[in-house]
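> Residue numbers (the numbering used here), protein chains in the order written: chain A, 3 to 115; chain B, 73 to 184.
Hints may be right or wrong, so weigh each one.
[Unchecked claim] Only some residues are given here: those of chain B computed to face chain A with a beta carbon under 7 Å:
1) G114
2) L115
3) Y136
4) F162
5) Y171
6) Q173
7) G176
8) P177
9) G178
Treat the hints as calculated values from the structure; they're not laboratory data. Note that the structure is a prediction, hence the values are computed from the model and not measured. Just so you know, even glycine gets a beta-carbon here, dropped at the ideal spot from N, CA and C.
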Amino acid sequence: TQLLEQSPQFLSIQEGENLTVYCNSSSVFSSLQWYRQEPGEGPVLLVTVVTGGEVKKLKRLTFQFGDARKDSSLHITAAQPGDTGLYLCAGHNSGGSNYKLTFGKGTLLTVNP
Amino acid sequence: DAGITQSPRHKVTETGTPVTLRCHQTENHRYMYWYRQDPGHGLRLIHYSYGVKDTDKGEVSDGYSVSRSKTEDFLLTLESATSSQTSVYFCAIRGTDSYEQYFGPGTRLTVT
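So that you can see chain B by itself, here it is in the shape it has in the complex (with noise of 0.2 Å):
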């Protein structure tokens, strides 16, 4: 267990209103990273980060914000939720060895 939490972990929303989905963990890991899980496509990175107030973009990050203002909180904005937007959100650590990412539960989010 990584410590890892991730809200809300359900939710609706209609096309054109933001969502922030936010991730939380316990154990001060530097680097954070949101992931989103579609079928056929796997897991795809959307945004990371490697400190307070430092991120970089992924590979599917157009459409999506991240912010994180503390250690332990990574959050993700949708400005304007779209429906090719639906998806399952996981956000992610990197453990002490390099090599190793720990997941969280997951958000599933739909978007109508």
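Bound-form chain A, shown alone (with noise of 0.2 Å):
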């Protein structure tokens, strides 16, 4: 079984404070996705890292994959209630099916006004 630990479990802030969330593996993965999931939805993709050492950013939400394709972190500037929610990692075994993701247990963050 491929795990992917996601740290920390909670997280509460002030709005305008930075965090950042890690998502880890002893195993390497083809590529890695991050959701965000609100009370009562399903997650919802935020982004798809491929390559090792890749940095992708969707406003002041920054994600990079780990040279080694094994861990990634997703950064948020200036955190906003609106950014509210359960972070996801998810990811593909490198070398295993690419039918099926393996899936962090989330990272509950919550800001507060």
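The task is to assemble the complex, starting from two chains supplied on their own in separate frames and drawing on the hints.
Given below as structure tokens:
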């Protein structure tokens, strides 16, 4: 079983602060996705990273894929209450099935006004 | 919006009764998935389908069966519901890019 460990599990911050959440594994992934899930809804895809060392930006969110493709991070600058949600990372295991994703358990972010 | 709907959105049922959840997609995607989401466990794959009448088991398939008689519909059946199957169930499809999945709004199932 390929595991993705996310940290921290919970994060509560004030509006305007910066934060970073992490997604780590001992396995190599051919790609990694980040999703955000709001209460009562399904996860929504934010980004896919596929190349080691790749950095992608989505407004105030910066995603990085580790050089060895075993880890990833999500950095949010100047967090806003609208960023509140469960952030999930998910990956396709290198050499494994392209049809199935392995999910981390998520980081629950609360941004207080 | 990947054109995915799930029905029902909420259901309460009693232990031992059969339950069927439906996932419907409008974009003719080949791959469809059923997950359950529970606190402390994250999203876990129950079953998936790679075409009409082609399905396979995920990591938590015991107590569940699936059927896919046409491309747009993927059904998840609990033959005899148990309290441990109380959960939120999500359907997903695989997009054009092989790495990405898109999720439906979920079904909250409570087994009493």
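> Take the shortest C-beta to C-beta distance between B/Q173 and chain A; is it under 7 Å?
Status holds, d = 6 Å.
> Should the hint that B/F162 touches chain A count as held when the rule is a Cβ pair under 7 Å?
holds, 5 Å
> Is the shortest C-beta separation between B/L115 and chain A less than 7 Å?
holds, 4 Å
> Can you verify the interface hint for B/P177: is its Cβ closer than 7 Å to any Cβ in chain A?
Hint holds; B/P177 Cβ to chain A Cβ min 5 Å, cut 7 Å.
> Restraint: B/G178 near chain A, CB-CB cut 7 Å. Satisfied or not?
holds, 5 Å
> Regarding the hint that B/Y171 lies at the interface with chain A, is the smallest CB-CB distance below 7 Å?
holds, 4 Å
> Using the nearest Cβ pair, does B/G114 come within less than 7 Å of chain A?
For B/G114, the interface hint holds, since the closest Cβ of chain A sits about 4 Å away, which is under 7 Å.
> For the hint on B/G176, does the least C-beta distance to chain A fall short of 7 Å?
This interface hint holds because 5 Å falls under the 7 Å limit.
> Tell me if B/Y136 is really an interface residue toward chain A, meaning its C-beta lies closer than 7 Å to one of theirs.
violated, 16 Å
Going through the hint list in order, the structure does not satisfy hint 3, though it satisfies all others.
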